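Asks: First to last, the sequence lines map onto chains A and B. Heads up: the first sequence begins at 23 in the numbering used here, then just goes up one per residue. Heads up: the second sequence begins at 19 in the numbering used here, then just goes up one per residue.
Think of the hints as simulated: they come from the structure by calculation, not from any bench. Be aware that one or more of the hints could be misleading.
Not close to chain A: a few residues of chain B, all C-beta gaps over 12 angstroms, as computed [said to hold, decoys possible]: (1) Gly26; (2) Arg57; (3) Glu79; (4) Ala112.
Ranges between beta-carbon positions, derived for each pair [said to hold, decoys possible]: (5) B:Arg76 - A:Phe139: 37 to 43 angstroms; (6) B:Gly26 - A:Gln137: 35 to 41 angstroms; (7) A:Asp265 - B:Arg76: 54 to 60 angstroms.
Under 8 angstroms between C-beta atoms, here's a sample of chain B residues computed to sit facing chain A [what the hints assert, rightly or not]: (8) Val27; (9) Glu33; (10) Leu35; (11) His37; (12) Gly95; (13) Lys116; (14) Val120.
Bear in mind the structure is a predicted one, so any value in this text is a computation, not a measurement. Where a beta carbon is used, it is the ideal one built from N, C-alpha and C, also for glycine.
Listed below are the residues making up each chain.
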Amino acid sequence: MEYKIKRATDENWKVFEKYFAKDAIGDSDVMRREGKHRVIVKSQADESDSEIYDVNISFIKKSDTLKMTMLTIEENSRTSDTRAFTMTEEVMATAIHEIKNPLFAIRGYAQLLHQSFTEDDNRKRYTTLMLNEIDRLHRMTETFLRLGKKRVKNQKKFSVNEAIEEVIKLYGERLKKVKFEKQEQEEYYVNGDRDQLKQVFINLLENALDAVGDTGELKLKIYSGLDKVIVELKDNGPGIKKDDESRVFNAFFTTKIKGTGLGLYICKKIVEEHMGSIDFSSEEGKGTTFFVELPLAK
Amino acid sequence: MLVDDQTGVRSMLVEVLTHLGYQALEASNSNEALELLRRQRPDIALIDVNIPDIDGLRLQEYLKKGANPVPVILMSGSNDTEMMKKGMEAGALAFLIKPFDVFQLKELIDEFSSSDLCSKGEDKWNTK
Numbered sequence: 023m024e025y026k027i028k029r030a031t032d033e034n035w036k037v038f039e040k041y042f043a044k045d046a047i048g049d050s051d052v053m054r055r056e057g058k059h060r061v062i063v064k065s066q067a068d069e070s071d072s073e074i075y076d077v078n079i080s081f082i083k084k085s086d087t088l089k090m091t092m093l094t095i096e097e098n099s100r101t102s103d104t105r106a107f108t109m110t111e112e113v114m115a116t117a118i119h120e121i122k123n124p125l126f127a128i129r130g131y132a133q134l135l136h137q138s139f140t141e142d143d144n145r146k147r148y149t150t151l152m153l154n155e156i157d158r159l160h161r162m163t164e165t166f167l168r169l170g171k172k173r174v175k176n177q178k179k180f181s182v183n184e185a186i187e188e189v190i191k192l193y194g195e196r197l198k199k200v201k202f203e204k205q206e207q208e209e210y211y212v213n214g215d216r217d218q219l220k221q222v223f224i225n226l227l228e229n230a231l232d233a234v235g236d237t238g239e240l241k242l243k244i245y246s247g248l249d250k251v252i253v254e255l256k257d258n259g260p261g262i263k264k265d266d267e268s269r270v271f272n273a274f275f276t277t278k279i280k281g282t283g284l285g286l287y288i289c290k291k292i293v294e295e296h297m298g299s300i301d302f303s304s305e306e307g308k309g310t311t312f313f314v315e316l317p318l319a320k
Numbered sequence: 019m020l021v022d023d024q025t026g027v028r029s030m031l032v033e034v035l036t037h038l039g040y041q042a043l044e045a046s047n048s049n050e051a052l053e054l055l056r057r058q059r060p061d062i063a064l065i066d067v068n069i070p071d072i073d074g075l076r077l078q079e080y081l082k083k084g085a086n087p088v089p090v091i092l093m094s095g096s097n098d099t100e101m102m103k104k105g106m107e108a109g110a111l112a113f114l115i116k117p118f119d120v121f122q123l124k125e126l127i128d129e130f131s132s133s134d135l136c137s138k139g140e141d142k143w144n145t146k
């Protein structure tokens, strides 16, 4: 299909132009108008010599001309594998965002229903459950949106101890109720996205607090091993069931009533993106210990 | 006055407001809202910031102008702190992040709207 592309003021156009001269577009095979495109640029001289680019494009149809509004070239994405297309992050984010509106409408009606029943009415219980589930769905959309956001890695050298201290402050009130102990050998520095790694510790601490309730014990240790810093968080909660152990890091796996099953999944993703690892040991009835290992900054 | 481009959400909020004893005028965008304002003056406006055409913040600006400013409550589907700051600085009474507890609206409206006109059953939209 041939596209008439109106020159956009967008500076992305320049990038596009650089990669795909006007002639090349005519020869290329653009699979869809919106979303992720695989553009195949064939060489005139040798048919078998083709270059493949994955491109994110979205067009808005304006009369008969397609106006390019956004375009990013994913550098280094030259590839020759099959043409399966993936939904772009942008499309995902929009879709998720659109789910939030009807969800809010449903929530409002559920609240109206909920209010109309008396406490001893079974239907009151049903609407409570409905509201809980709606809120869970909403939290899931929020998490998806966060996941979908382009991970512009903000690589910086920072102190793990300091980042963890900030997380601890966030949970100050809840930590006061439990027996909380922290040990750190010295100050350790890693390279990475500080906010993302803070999110890892937030998720782990949140889980640990949920596991122990108001009366448990938490032990946090920060120490080093070879060229790594190890953060260990131990709780004396109910532990993880043997059957569940293999699923702990799976997306959507949760044992919490209000959980989304994405917390540890995200932790693992982030830690692995930082060339680190995350693992746990657990004994039913005794508690769980999570370990996060991250390479020390040189 | 309720301004939200999402039909489902708007209908729900109208239902809630009616249930709470208010009369709601609805508009799906700023132009419709401006059209309504030519005829009636609401006691309070509940506006989604992300409406098409003119955005919610500019509509708020318009409502705040003049001798008889209309109090505004803003709402948004996204937790955009920058937008919240802007809205509150521009004089919004509250900034609600959807989904919110819809019964919260009662407290807010009763607290902020021109109280004598707001009692149940009165035709509060009819101004001189």
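Asks: For Gly26 of chain B, is the shortest beta carbon distance to chain A beyond 12 angstroms?
Replies: Answer for Gly26 of chain B: violated, closest chain A Cβ roughly 4 angstroms.
Asks: Minimum Cβ separation between Glu79 of chain B and chain A greater than 12 angstroms?
Replies: Non-interface label stands for Glu79 of chain B: nearest chain A Cβ at 25 angstroms, farther than 12 angstroms.
Asks: A closest beta-carbon separation below 8 angstroms is what the hint needs, so does Val120 of chain B meet it against chain A?
Replies: With a closest approach of 5 angstroms, the Val120 of chain B hint holds.
Asks: Can you tell me whether the CB distance of Asp265 of chain A to Arg76 of chain B sits inside 54 to 60 angstroms?
Replies: Taking Cβ atoms as reference, Asp265 of chain A and Arg76 of chain B lie about 56 angstroms apart, which means the hint holds.
Asks: Take the shortest C-beta to C-beta distance between His37 of chain B and chain A; is it under 8 angstroms?
Replies: Because about 6 angstroms separates His37 of chain B from the closest Cβ in chain A, which is inside the 8 angstroms limit, the hint holds.
Asks: Grab the minimum C-beta distance from Glu33 of chain B to chain A and call the hint holds if it beats 8 angstroms, violated otherwise.
Replies: The hint holds - Glu33 of chain B has a Cβ within 8 angstroms of chain A, the shortest such distance being about 7 angstroms.
Asks: CB of Gly26 of chain B to CB of Gln137 of chain A, is that within 35 to 41 angstroms?
Replies: Because 20 angstroms falls outside the window, the suggested range is violated.
Asks: Once the shortest beta carbon distance from Leu35 of chain B to chain A is found, is it less than 8 angstroms?
Replies: Where the cut-off is 8 angstroms and the nearest Cβ of chain A is about 10 angstroms from Leu35 of chain B, the hint is violated.
Asks: Given Lys116 of chain B as an interface hint, is the shortest Cβ-Cβ distance to chain A below 8 angstroms?
Replies: holds (5 angstroms)
Asks: Range first: 37 to 43 angstroms. Now tell me if the beta carbons of Arg76 of chain B and Phe139 of chain A are that far apart.
Replies: Since the Cβ atoms of Arg76 of chain B and Phe139 of chain A sit about 42 angstroms apart, the hinted range of 37 to 43 angstroms holds.
Asks: Should the label of Arg57 of chain B as a non-interface residue stand, given a Cβ cut-off of 12 angstroms to chain A?
Replies: holds (27 angstroms)
Asks: Gly95 of chain B was flagged as interface toward chain A. Is the shortest Cβ-Cβ separation under 8 angstroms?
Replies: holds (5 angstroms)
Checked against the numbered hints listed earlier, the structure breaks hints 1, 6, 10; every other hint is satisfied.
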